[in-house]
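Undergrad: Join the two chains, each given in its own frame, into one complex according to the hints.
Here the protein sequences line up with chains A and B, keeping their order. Our numbering puts the first sequence at residues 371 to 636. Our numbering puts the second sequence at residues 46 to 644.
Hints listed in this document are in silico derivations from the structure and should not be mistaken for laboratory results. All values derive from a computational prediction rather than experimental measurement. A portion of the hints provided could be inaccurate.
[As the list claims (entries may be wrong)] For lysine to aspartate or glutamate, the following DMTMM-like pairs were computed, each having C-alpha atoms within a straight-line distance of at most 25 Å: (1) K549/A to E428/B; (2) K462/B to D545/A; (3) K104/B to E587/A; (4) K549/A to E521/B; (5) K442/B to D545/A; (6) K549/A to D572/B; (7) K70/B to D557/A; (8) K417/B to E559/A; (9) K189/B to D235/B; (10) K497/B to E458/B; (11) K181/B to E593/A; (12) K462/B to E543/A; (13) K523/B to D572/B; (14) K483/B to D557/A; (15) K442/B to D557/A; (16) K546/A to D439/B; (17) K549/A to E529/B; (18) K436/B to D557/A; (19) K417/B to D545/A; (20) K442/B to E543/A; (21) K189/B to D542/A; (22) K509/B to D542/A; (23) K549/A to D429/B; (24) K568/A to E458/B; (25) K549/A to D226/B; (26) K549/A to E479/B; (27) K546/A to E452/B; (28) K549/A to E363/B; (29) K228/B to E559/A; (30) K594/B to D384/B.
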Amino acid sequence: MIRDITLGQYYPGESAIHRLDPRTKIVGTLLYLISLFVVDSFVGFGIALVFLGLCIKISGVPLKFMLKGLKPIFMIMLFTFVLNMFMTPGEVLVQLGPLKVTMEGIYNAFFMVVRLALLIIGSSLMTLTTKPISLTDGIERLLSPLQKIGVPAHELAMMMSIALRFIPTLLDETDKIMKAQMARGADFESGNMIQRAKSLIPLLVPLFISAFRIAVELAMAMEARCYRGGENRTRLHRMAFGKSDVLGAVIIMIYMAILIALRVIG
Amino acid sequence: MSYIKNDDIIQIEHLLFQYQREENKETVTAIDDVSFSVKRGSFTAVIGRNGSGKSTLAKNINALLLPSGGAVYVNGYDTKDEEHLWEIRQSAGMVFQNPDNQLVSSIVEDDVAFGPENLGVEPSEIRRRVDEALKKVNMYQHRKRAPHHLSGGQKQRVAIAGVMAMRPECVILDEPTAMLDPKGRAQVMDIIHQLHEEGITIVLITHFMDEAAQADRIIIMDDGHVVLDGVPKDVFLHGGKIRDLYLDVPFAVEMAEYLRDNGMEIPTDIIDTDTLVTYLSSDAAKISEVSEKSAFKVEQSDTDTAPEKEKTGTIVAEVKNLRHVFNAGLPFESIALNDVSFALEENSFTALIGHTGSGKSTLIQHLNGLLKPTGGSVYINGEDIHGGKEKLRDVRKNVGLVFQYPEYQLFEETVLKDVCYGPLNLGLSQEEAEQKAKRAIELVGLDFEEVKNRSPFALSGGQKRRVAIDGVIAMEPKMLILDEPTAGLDPKSHHDILLMIEKIKKEGGVTILLVSHNMGDAARLADRVLVMDGGRLWMNGTPQEVFSKAEELSEIGLGLPPATEFMYRLKQSGVPVETTALTVQEALADVLRWKRGEL
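One chain only, chain B, in its complex shape (with noise of 0.2 Å):
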């Protein structure tokens, strides 16, 4: 086909693709006959689960994936047309969703000029492609530094100016956010808006519906699919079938829904928290005659049900005074924990909050004596752990810790011989160390007789990670600490690992620690929040206690679960509202009760 510039950057016409899959040969259809076109200049979204066809339809358009049917043009070029091979990768520039396995060099200037080298631009338009790149996605003051140093926000910004340097009319990005932690996510969504805002085309590739949301256009994929595609709030209309595809609607979207089967008219225009709080302090929200049936219909979340193992008072974990100094005496010497002691009773569900670099994760290796504390104690069942070697073995069988993407870990060939790995080390029987996988499996959700004989590399993400946590649960731990069990999956695995987590708790009376980013999760699930600040304990208190310090959490680069960020919006626009409520369901009863009169 010839170059004919016209509106759209990209079209795509009847695309299928089909690839092979490796065990058994068997066709699977990624894609199957999609067609839309995307505007010069737009701001698209991509959404869907995991295995939708996001991902491989991303790379078609930049022609690292081939159409097996149909065809895909970017500037009227064909992906299918070697010579222009070229000219579709650099106008149609791509950033992964990995920020550590996108970046070639060493340096991060280097990586920035990675793209023009390979274009053959002259050294010094390279030099001043660089400059521009680094200072639009605010990373120049880093650019002599190595990645490993960068948090992943940053990583992905360098992806990202890598791209812009080989000044593309698009971006393709696939799932940047995924494996950022809040703050990495907002710098690299404000970026995106940057960069839409200079004119350059975005198509978001996002499993993330509040950032689908900030796109002009929302196209929701399922099984190679096109199955919703229009702006957001014609999207949004369709809740229903969104919730069935296993996507989340925005809080807002999920809170004017409630609030209209609760007999309020809500506009529905309206999909973003500061809008909804306008018009709901505006005197134009008004509540229709509260009729019988509709009165107050608030669903019950399936969690708030009471534990079946009550709190006993007893403390199963304590950490006094815990100091711990990395690389002490050296130029970078770096205090990770200060002074920190709080203590854990049994049964009890604690969340672990804090920004990156807070001391989270040096905290919880000190819990299981992976770490030495530099001052300090730590206390499991009464006992100083660092009371002797016999004593470790011990603590690890009572402190399960999973690692952050804890199926980096699996190694065996069965997905039996990976789980009886840890009780076998604890010294169990092979006819044991099988019973308990067979229960750790059971617990979690999995058929046993259909996943015990599968390789752990075939499952599906979402299974991998309960697998990898199994690994764990199967050494029966008195206490499970779950460090971001649900980083990096789509909505649906993130719902399943929580219900999971829930089940556990109940039905094996551990106690548990979760770390999170996630504060909602943190609000609905736990009975106790330790904050971390700069190593320090900044808090330890009931989620009430905790999500009640809006403005000091914001400080500490720390957000509120989305029900209380939503009540404190509407309390500062001047309505009569407690900020008391962590969930929706919280949240809606209050905001009737206020708009009824009640207050």
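So that you can see chain A by itself, here it is in the shape it has in the complex (with noise of 0.2 Å):
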């Protein structure tokens, strides 16, 4: 299940998405990200999700492999979607004993859960069409102002991009450590919470452990050659804003335009 998550991997493509400065792209996905908890209404989601399909279908990344990136986060979706189902004060449609179900509430559960949806797809779109290292090296440049106030920006971008280049590994270990003490009887499924929680002893010490191993390698391995933090740092992609930055960030702004006015208006 845990090689299910999409956020963080990288879908290669030469798609207009692709091809953008990655600092239009972490704006962008930014405003949208606020975009959706500025709409209220349904008029407001549906130009979201549109705007969203649109961006999914120029990015040619295919829509299943999106849709992928959910599986993980239904449970959190349907408590959520159950919650403010039972939680919202209102009109009540249902009752079933303390239990009310409301006409806003189901409103606010649907807005919910398409807003969660909508933030894991839309962040994921990102970080699928962006190759991890020009995201961190957007999120250097993008920090690199508030350096002279003491934002370590390269230090942060570095850890960054070290942590996105090691959860597939630290996946793959995990997967395989759980195998291995299943096949040593290990159950990771069953009893309450005290023994499911105890059970996670013999996955974890492990993983912790090899994570200080890899930690320890590769700082060896930086050192090595010849790392020794940002400074005096040449990089091998240079960024520079393109005609298409323009197009897009124009399109992001007539799009959160749009949305202002609706809430205003509506």
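TA: Next up, the structure:
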């Protein structure tokens, strides 16, 4: 199941979205995420959905691949839905003992779930179409003005890019250790909460040890390749805004404007 | 010291390296008074068993570790001289053992760019160097891919490209092939030779003697000292000494030694199979008059004794039309297993071979129910294992599965507790579990009283592996599956593990399925060999049957046991010998028969 997480994976391609400057995509995605909290109507969500749909279409990433990313958070979505449905006060539709299903509840539940889904898919689209390294480069560049007030932009970006690099490795490792302990009769699925938490020890201890081993070995390999922080470091990829970035920025601005207008009017 | 450009790129003078052990603050001397120099453009192999100090030595050359005494000079710069640290690391690049843990970036070409970026090279120049380096290691077509989608050998080639992009004069490789399969090993060795031909100085740290034999100088280290140092043929004159250090000698050297013992004159500069074959098939190779005492002196290998428990003919495990599809319905759908059927007899020893990605790992995970078949069935003791949840626990009790690098699953504070984990999961009492653990620990040749209260993490590599295997043996399975139990171990630990497996089989009455890349091991130990290729069972036969198909095996990326390979080459060069030999003793007997005209 853990292999289903698409957030943080890169889907190679040459689409217009892929070619955008990472800074455009980061800011654009942030605006999109904000927009999801601006909208509160069916029309608004409709626009947000269509906009994302178009972006996905242009990116050429298969929809199936994007939806797969929702699988691991399915439980959270269900939970959100149920919680919202029962906990929102308002016009009562159905009464089940102390639990009341309200009209507002159904609205809220629906909006929250759609919001969550769009949040995840929206940010996955960014990570799927941007090489992790460009992403962290973009963040580094966006944060670099803050370096003067002591924000360690390079270090943060390096940490993120290493994290991205090793997520698949650690997932593989988790899978392997889990299977190895299952072969020794471990049971991760049954029992009460305490038993289940306890059953994770044989998984977590080796995993932490692995992570530390990787950290030590990687640090040494980086030193051997003359890594000494961000100073005087050059980059293979130079970043430059192009015409498509201007176009992208304009489009996202128009999108934002429409949604805000909708909110204000509606 | 000032910069002096001389013939030697590396000079090591009375190097002493000590460190403090964390548990007891004891001072350990890893390298004790080592001196030697490395000539520009040379290819030096440093070989030694685990703990001999060879890796510590490599890290001292790259200034990742600094000497406790003596000095190391790279290009004339003292490694203690911080001012020139970056020049040293740039001119003596380093490649490490674990292909995963040295790649920094999630895109191949960005990873290769990491070094030049750190050196502050101009972007356009970085581009040029990255492309050049990737082409050199034959990975240019994979430049946009993510490292975790590459094979071990490919990752290691990316790591080499990453070093080459820094334009070093010398590359130090610290056991670069230890974690690779035979194909990956061969690719990496090819690249190393190619770099050497281009004038790069190579220092190869390894524990594989057949790799060291390809260098133009071998330095053997043991216990922090240099024990032997010279050109390969001179070093191999000390075969006895090399074996005393628990290292192997190449097959050809061993064969030549045996032939000499039996009255043949073999020049000492013959150290590889090709030359030995050419020499033997020429008229020069004559056998002296057979004297009574030297006649047919072939040592019987200790492994040929009959197993204590005879095969009964009962089927322990059976697989019928097994099929497994990963990511069914997705763009990256892949058929991992396709229509695989076979049966394993009680008390048999079966080897499962096939190149990486042929479906071996997927197959064995079906045998204890970790993976569910997409189609077909698995029967253990005649019962379908997917007949309910209760069944699965029974299956895990009956079929023990030891994964690759099992030591990575150790987690308890003490050895005893860790080994007890499996038996306790089966519902045994603490007392019973400890009893089984004791039996298992003693079975693998460890001293129970000595290790039981030690932390498994404080043990040596080979011991850790044995304790981890114990965790499965203590569950007393009827059938034991081992996925490359010797991967990454030095020759001594490799040998120990194999002895252990044979002992388990004899004393425990266990059916064994061994996944291996080592054809020599498969031929010597197994009575049946299963060959996988592209998710299908390509062949199921005795070792003789399987290894008689040299050409077909080579087509699916598999080699032969060294002895069979040797006989096969002899036959190819026109010598009328059979190619049925599986061990060096059998090959020797065949060669002697031929030379004595008994054929």
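Undergrad: Run every hint past the structure and note whether it holds.
TA: Status of each hint after checking the structure:
Distance check on the hinted pair: K549/A and E428/B sit about 22 Å apart at the alpha-carbon level, within 25 Å; holds. Proposed proximity of K462/B and D545/A is supported: the alpha carbons are some 23 Å apart, at most 25 Å. Taking the CA atoms of K104/B and E587/A, the gap is about 12 Å. The hint holds against a cut of 25 Å. For the hint pairing K549/A with E521/B, the CA-to-CA distance comes to about 19 Å; that is within 25 Å, so the pair holds.
Of the pairs offered as hints, the one joining K442/B and D545/A holds, with about 21 Å between alpha carbons and a cut-off of 25 Å not exceeded. Proximity of K549/A to D572/B is assessed by CA-CA distance (about 29 Å); at most 25 Å being required, the pair is judged violated. As the CA atoms of K70/B and D557/A are separated by approximately 40 Å, the hinted pair breaks the 25 Å bound. Annotation: proposed proximity of K417/B to E559/A holds, straight-line Cα distance about 17 Å (limit 25 Å).
Only pairs whose Cα atoms come within 25 Å are accepted, and K189/B paired with D235/B is accepted, the gap being roughly 23 Å. Our distance criterion of 25 Å between C-alpha atoms is met by K497/B and E458/B, whose separation comes to about 10 Å. Restraint check for K181/B and E593/A: satisfied, since their Cα atoms lie roughly 24 Å apart, inside the 25 Å limit. With a CA separation close to 23 Å, the supplied pair K462/B and E543/A stays within the 25 Å bound.
Restraint check for K523/B and D572/B: the C-alpha separation of about 18 Å stays at or below 25 Å, so the hint holds. For the proposed pair K483/B and D557/A, the alpha carbon gap of about 24 Å is at most 25 Å, so the pair holds. Proximity of K442/B to D557/A is assessed by CA-CA distance (about 13 Å); at most 25 Å being required, the pair is judged to hold. Under the criterion of a C-alpha separation no larger than 25 Å, the hint pairing K546/A with D439/B is consistent with the structure, at around 21 Å.
The straight-line distance between the Cα atoms of K549/A and E529/B is roughly 16 Å, inside the 25 Å bound, and the hint therefore holds. Between K436/B and D557/A the CA atoms are separated by roughly 14 Å; this keeps the pair inside 25 Å, and the hint holds. Between the alpha carbons of K417/B and D545/A the distance comes to roughly 15 Å, so the proposed pair stays at or under 25 Å and holds. A hinted pair counts as satisfied when its Cα atoms are at most 25 Å apart, and K442/B with E543/A qualifies at roughly 24 Å.
About 21 Å separates the Cα atoms of K189/B and D542/A, which keeps this hinted pair within 25 Å; it holds. Under the criterion of a C-alpha separation no larger than 25 Å, the hint pairing K509/B with D542/A is consistent with the structure, at around 21 Å. Distance restraint check for K549/A and D429/B: the Cα-Cα separation of roughly 21 Å lies within the 25 Å cut-off, and the hinted pair is therefore satisfied. Among the hinted pairs, K568/A with E458/B is consistent with the structure: their alpha-carbon atoms are about 15 Å apart, no more than 25 Å.
Between K549/A and D226/B the CA atoms are separated by roughly 22 Å; this keeps the pair inside 25 Å, and the hint holds. A C-alpha spacing of about 24 Å is found between K549/A and E479/B, which places the hinted pair at or below 25 Å, so the restraint holds. Distance hint between K546/A and E452/B is fulfilled; the C-alpha atoms sit about 12 Å from each other, no more than 25 Å. A hinted pair counts as satisfied when its Cα atoms are at most 25 Å apart, and K549/A with E363/B qualifies at roughly 22 Å.
Annotation: proposed proximity of K228/B to E559/A is violated, straight-line Cα distance about 39 Å (limit 25 Å). Restraint check for K594/B and D384/B: the C-alpha separation of about 22 Å stays at or below 25 Å, so the hint holds.
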